[in-house]
Amino acid sequence: GSREGILKAKCEIFEHLKPGGLAVLNGDDPMLNTVTVPQKTLRCGFGENCNVRISDVDDRGVMGIACTVSTEKKSYRVEIPAPGIHMTYAAAYAIAIAEQMGLSEEEILRDADKQAERVLERAEEQIELEKKRALNEIKDDVSTMAVDIASAVLARDIREREHTALIDSFIETLGESHD
Numbered sequence: 004g005s006r007e008g009i010l011k012a013k014c015e016i017f018e019h020l021k022p023g024g025l026a027v028l029n030g031d032d033p034m035l036n037t038v039t040v041p042q043k044t045l046r047c048g049f050g051e052n053c054n055v056r057i058s059d060v061d062d063r064g065v066m067g068i069a070c071t072v073s074t075e076k077k078s079y080r081v082e083i084p085a086p087g088i089h090m091t092y093a094a095a096y097a098i099a100i101a102e103q104m105g106l107s108e109e110e111i112l113r114d115a116d117k118q119a120e121r122v123l124e125r126a127e128e129q130i131e132l133e134k135k136r137a138l139n140e141i142k143d144d145v146s147t148m149a150v151d152i153a154s155a156v157l158a159r160d161i162r163e164r165e166h167t168a169l170i171d172s173f174i175e176t177l178g179e180s181h182d
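In this note's numbering, the protein residues as written are 4 to 182.
What the hints contain is simulated information worked out from the structure, not anything from laboratory work. You can trust all of the hints, since none of them are fake.
If you anchor each label on the Cβ, the simulated ranges turn out as follows:
#, residue 1, residue 2, range
1, Ser58, Asp144, 45 to 51 angstroms
2, Arg113, Val65, 24 to 30 angstroms
3, Lys134, Asn52, 42 to 48 angstroms
4, Leu132, Ser107, 34 to 40 angstroms
5, Glu82, Gln129, 17 to 23 angstroms
6, Asp143, Glu18, 50 to 56 angstroms
7, Gln129, Ser78, 31 to 37 angstroms
8, Asp59, Asp151, 54 to 60 angstroms
9, Leu138, Arg63, 26 to 32 angstroms
10, Leu20, Ser107, 23 to 29 angstroms
11, Glu128, Gly87, 17 to 23 angstroms
12, Asp59, Leu132, 32 to 38 angstroms
13, Asp116, Ile170, 54 to 60 angstroms
14, Ser172, Leu138, 22 to 28 angstroms
No experiment lies behind these values; they were computed from the predicted model shown. For glycine and all other residues, C-beta sits at the position ideal for the given N, C-alpha and C.
The task is simple: from the sequences and hints, build the whole structure.
Following this line, the structure appears as structure tokens:
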């Protein structure tokens, strides 16, 4: 449903949060900004009302995104190897939680680098799978064209000029499917 219903469902999690727990919320969500809980609350986002602020965004398209995440303690320049502004929120949440857990700047950045490496590895694996799929599709297309030509040759007695034209057409079609 409704936005109010979604908010109500999101807020059910707070019923299970320990009294000394931490609520980390999207500070740019107007509906979540109406929520108050007895636990310590950090709001992450671009807005003035946020305890953990995202700024200086550098969108690099498919190469990822970079931003600065500033807490009460420190500012962190974060390089995220995945595209999308939504990834800056994930970085802000992670930094906010890591600081609350008492991790040092070095530990936070080292873990961020490890996570970034994993994201890149998964992306490279996905690229390799896509390359294999594309190559298999090309092989299937070539096989289909070869069978079509062979069928045409067997179906009729063709003269040398027609045979040459069929082969030239096959090669031309093959070149177009490679482009």
